[in-house]
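Listed here are the chains, written in short residue letters.
There are 2 protein chains.
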Amino acid sequence: MPMPQVPFDDRGLAYGDGVFETVLLRDGVPVLWDYHLARLEQGCRRLNIPLPTSQQLAQVWQSPPAAALEVLKLILTRGSGGRGYALPDHPEPRLIFRRTPFVTNGQRWQHGVCVRLCHLRLGHQPLLAGIKHLNRLENVLARQEWQESHIAEGLLADQSGEMVEATSMNLFWSTEGRLLTPRVNRCGVAGTLRAALLANGVIEEEGLTVSELPQVERLWVGNSVQGVWPVCELLDTQGGLIATWPVLAGPDPLQGEAHRLLGYPSMFPASESK
Amino acid sequence: MPMPQVPFDDRGLAYGDGVFETVLLRDGVPVLWDYHLARLEQGCRRLNIPLPTSQQLAQVWQSPPAAALEVLKLILTRGSGGRGYALPDHPEPRLIFRRTPFVTNGQRWQHGVCVRLCHLRLGHQPLLAGIKHLNRLENVLARQEWQESHIAEGLLADQSGEMVEATSMNLFWSTEGRLLTPRVNRCGVAGTLRAALLANGVIEEEGLTVSELPQVERLWVGNSVQGVWPVCELLDTQGGLIATWPVLAGPDPLQGEAHRLLGYPSMFPASESK
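Sequences listed follow chains F and B, in order.
Reminder that position 100 of the first sequence reads as 100 in the numbering used here, one-by-one numbering, no gaps.
Reminder that position 68 of the second sequence reads as 68 in the numbering used here, one-by-one numbering, no gaps.
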């Protein structure tokens, strides 16, 4: 299938005026689709973009799966038109998508990852927080802070010093046995795996400052495509090691629940979600 | 000329990973081009996008002018590729542009405009402030706050209550005869007309809070395409009138200097920049 194109005057290109979703497909069937659709709809409501019709969405599933696991990336822009920032009188949103085969990273599931604290601090914008809109320069800039391939993710705090997320994943930690994740009501993206874990009562929202970060019992990063990676090393913004966590000998409660939702194996023999 | 297109995987579309310029052309010759080029280059440095080559830029001027006044819109994206937010190893930026005839709004130059204070408050992100990047959802949301055609612009404060700009123009005011403009080092766009007025010593940077706004001697909005519009009516975020300024009987010092730089007439007979 040829790669979709958008014209010069598409507002997604001009202003980042749109939203996107990155969806795991197993044998062509979307995983956590209800959560993706809910976030897409919330993004449309927040930005005042007409929702895609069922017919538009149906075309996404028409082609047969090219691999057991695929990633579907779906971009919905407000379409063309309008004078400058002013909206077009009759918006015709543009829905484009692409499916590519995906391979999971079992090494990271099992042995955990090294992450680095980013220098960039996310700005607050409650009107855009949580939704997966196309204005992602903060993530692009943060991702430029390291090149080392052994660093799997960068952790982002906001301008108040509150931890928010990783550049393309959500952040999870445990304290006194509780599984927690930061709020994303001032900045950050409300990931669909995070949403599913909240809805299932596995995790709760709580605050965590940059200075508290190295002291947490356990730390994880995760999303609906990659699953959950335990963090075993934390580097500061200069690349210095500031905390380590041993690999769990027993079941990983967060990964177990998350991977059950995603249909991924849990790496620990004793886990109920094996 | 057919409208340029970008592919699905262009990072300008995917993440707003790029910059743009909107340039006034008089008889095919760009006005304030040095300032546009300087901002484009600053944007590229800030985002770590390779600068366009002279050959790339030269194609912009190849076609003969379609009208005495045109607007050139130029978009430079980081191009395609990279894994997620991570940059491509060998970025090939994409430069696309479009020229459209332009007509000035002499009514607004002469009689001034009504502006409205926006409810949306700009978030702080010093790493992106000033440059004309493609992440413009705040502007799009702010522009949705009014539909009335007699409201020419919306004024934007930041989350600290400091005035910053208008949705697609910079903001200027006078106090005790001094011509002033807000800093744009935490949010906002450093307009090229604003830059030229600063470089020529016409205006100075200063702070102005939302509550001080209705008390200023005079207020203007302006940019390098539209020129300078005096503000004669200010509405609050609910649409209520909170300040008025009479049309100047004599020369307008800010519009005079600005329009001299842009090659536009000044609307007041006694102005030196007639």
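Bear in mind the hints are in silico, worked out from the structure with no lab data behind them.
Bear in mind the structure is a predicted one, so any value in this text is a computation, not a measurement.
Please note that the accuracy of each hint is not assured.
Identical chains share a label here; the pair holds if one copy fits it or two copies do between them.
Derived SDA-like pairs (lysine to any residue); straight-line CA-CA distance at most 20 Å [stated by the list, open to error]: (1) 132 / 241; (2) 73 / 7; (3) 132 / 233; (4) 132 / 238; (5) 73 / 86; (6) 73 / 88.
Within, between, both or neither, where residue 73 and residue 7 count as close if Cα-Cα is 20 Å or less:
both (19 Å within a copy, 13 Å between copies)
Could you place residue 73 and residue 86 in one of the four classes (within, between, both, neither) given a Cα distance threshold of 20 Å?
Classified as between; 16 Å across copies, 27 Å inside a copy.
Tell me, please, which holds for residue 73 and residue 88 at an alpha-carbon limit of 20 Å: within, between, both or neither?
This pair counts as between: shortest inter-copy Cα distance 18 Å, intra-copy 25 Å.
With 20 Å as the alpha-carbon cut-off, assign the pair residue 132 and residue 238 to within, between, both or neither.
neither (29 Å within a copy, 29 Å between copies)
For residue 132 and residue 233, with the copy left unspecified, which applies at a CA distance of at most 20 Å: within, between, both, or neither?
The answer is neither: 28 Å in one copy and 37 Å across copies each exceed 20 Å.
Up to 20 Å CA-CA - residue 241 versus residue 132, copy category:
neither (31 Å within a copy, 36 Å between copies)
When the structure is compared with the earlier hints, violations turn up for hints 1, 3 and 4 and for no others.
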